[in-house]
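*Asks:* What follows is each chain in one-letter form.
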Amino acid sequence: MTFAVRAGLKKFNVAHNFETKNIYEYYGKWIREGRLKPNSDWNKDLKIKFTVQDPCQIVRKSFGDAIADEFRYAIKQCIGEENLVEMIPNKSNNYCCGGGGGFLQSGFREQRLAYGKIKDEQIKASGATYCIAGCHNCHAQIHELSHHYGGNYHVVHFWTILALSLGILGPNERTYLGDDLREVNVFHPETAL
Amino acid sequence: MAEAAILREGKAKKSFLDELREMVPAGNLSLCLTCGLCSSGCPATGLEDMDPRKFLRMLVLGMDEEVLKSDWPWMCTMCQRCVYVCPMKIDIPSMIFNIRASRPRDQRPKGIRNSCDVAVASDTCSAMGTPVEDFKFVVNDVLEEYRAAQPEFADMEAPIDKAGAEFFINQNSREPMTEPDEMVPLWKILHLAKVDWTYGSKAWAAENYCLFLADNESWETLVRKKAAMADELDCKTYLNTE
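From first to last, the protein sequence lines stand for chains A and B.
Take the first sequence: its position 176, counting from 1, is numbered 506 in the numbering used here, and each next residue is one higher.
Take the second sequence: its position 12, counting from 1, is numbered 14 in the numbering used here, and each next residue is one higher.
Isolated chain A, as found in the complex:
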């Protein structure tokens, strides 16, 4: 987790010879440099709407709005600009989903779901049927919120959507995609298990 490493190196004065970064800023960089060429045509007619959860640990607590903007640049290249719908508030002002801080492991399930209600309502209000969540705690929590509150929106890692837009997402790499995307742009469909 980005924050635990960055804050830990500083707090405990750990000597080191590397920089600490998050992959969120590199997706956009690699696209700008022409090293990745995602194509959003698959969503031209489908018009599937996506929203994005800004992980507190990556955005507010580590790199600020700049990384959130860079991440959105990459997302738009993959799904089409008009298909990204924002939660309000977002970026550095975003609400925590309730999966962080150890909440998922602490045993206080009822309180955790109550905490997440605000996130669930934000996602529903956005009208998106997919929520991109980069952090595993966000992913697990929002997935549970979707079922618990009946929103039935999907929760995906960005690497899934980027690979889909690059035309390299195989049939067995689609665990978190809904039926609407199960058959779209499938790479080597014959390998389906």
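These are calculated hints, taken from the structure and not from any lab test.
DEER-style ranges, computed between Cβ atoms:
(1) 346(A) x 182(B): 25 to 31 Å
(2) 24(B) x 514(A): 53 to 59 Å
(3) 447(A) x 135(B): 39 to 45 Å
(4) 375(A) x 123(B): 48 to 54 Å
(5) 346(A) x 158(B): 25 to 31 Å
(6) 103(B) x 416(A): 33 to 39 Å
(7) 163(B) x 509(A): 36 to 42 Å
(8) 440(A) x 158(B): 43 to 49 Å
(9) 42(B) x 501(A): 45 to 51 Å
Here's a subset of chain B near chain A, in silico, CB distances under 10 Å, partners left out:
(10) 45
(11) 74
(12) 76
(13) 78
(14) 82
(15) 116
(16) 154
(17) 177
(18) 184
(19) 191
(20) 210
(21) 218
(22) 233
(23) 244
Every residue gets a Cβ at the ideal spot worked out from N, C-alpha and C, and that includes glycine.
Position chain B against the provided structure of chain A, taking the given hints into account.
*Replies:* Frame of chain A, contents of chain B only:
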């Protein structure tokens, strides 16, 4: 009579708030305007009949016992939105961290404690206790399978301990342990972008529950192991995937 009534014997006992002031010098604890911005924008407001402003007022009023008894500090996710909106930049999450730390370790939530303990005991820093050999096996097994099934990626690599790679990439244990196919899209993306990267056979795990447990010693242990691995491989960038 009146004078006698307000005489106090000795100095007041040092309160928890005083201790917090020493632990969190940048906490600005006395500057609270009681405006309530923190509480109005906090998803944990209302849980356990608590909210960030009330929590801070209780500390200021010396209600140490009630604060320390409450489970609310384990329901605040330390997300820092309250600091972001606070006009005085009062660092409530750091107080939460220290209050978590002040609870005896064996009384902190078992789930978080176990995840921390398992990670500290494991060379891989995995909260699921993945041994080095298991990680290597899963990565290479999945890699072979995809190289064969998708010939466009016959040259794809998922290097482990590649010295001098530009990026040291970490990985949440959930993928190698429970859904290994989920590692593949990222590998393919890195392959197409011609990224020079590596995992470490040790200390590759991205998660760190010791921070959430407020166990400084264990948190430090994990950070040092991860930094040592990235430096041992002479990687320029430690790249977090979450």
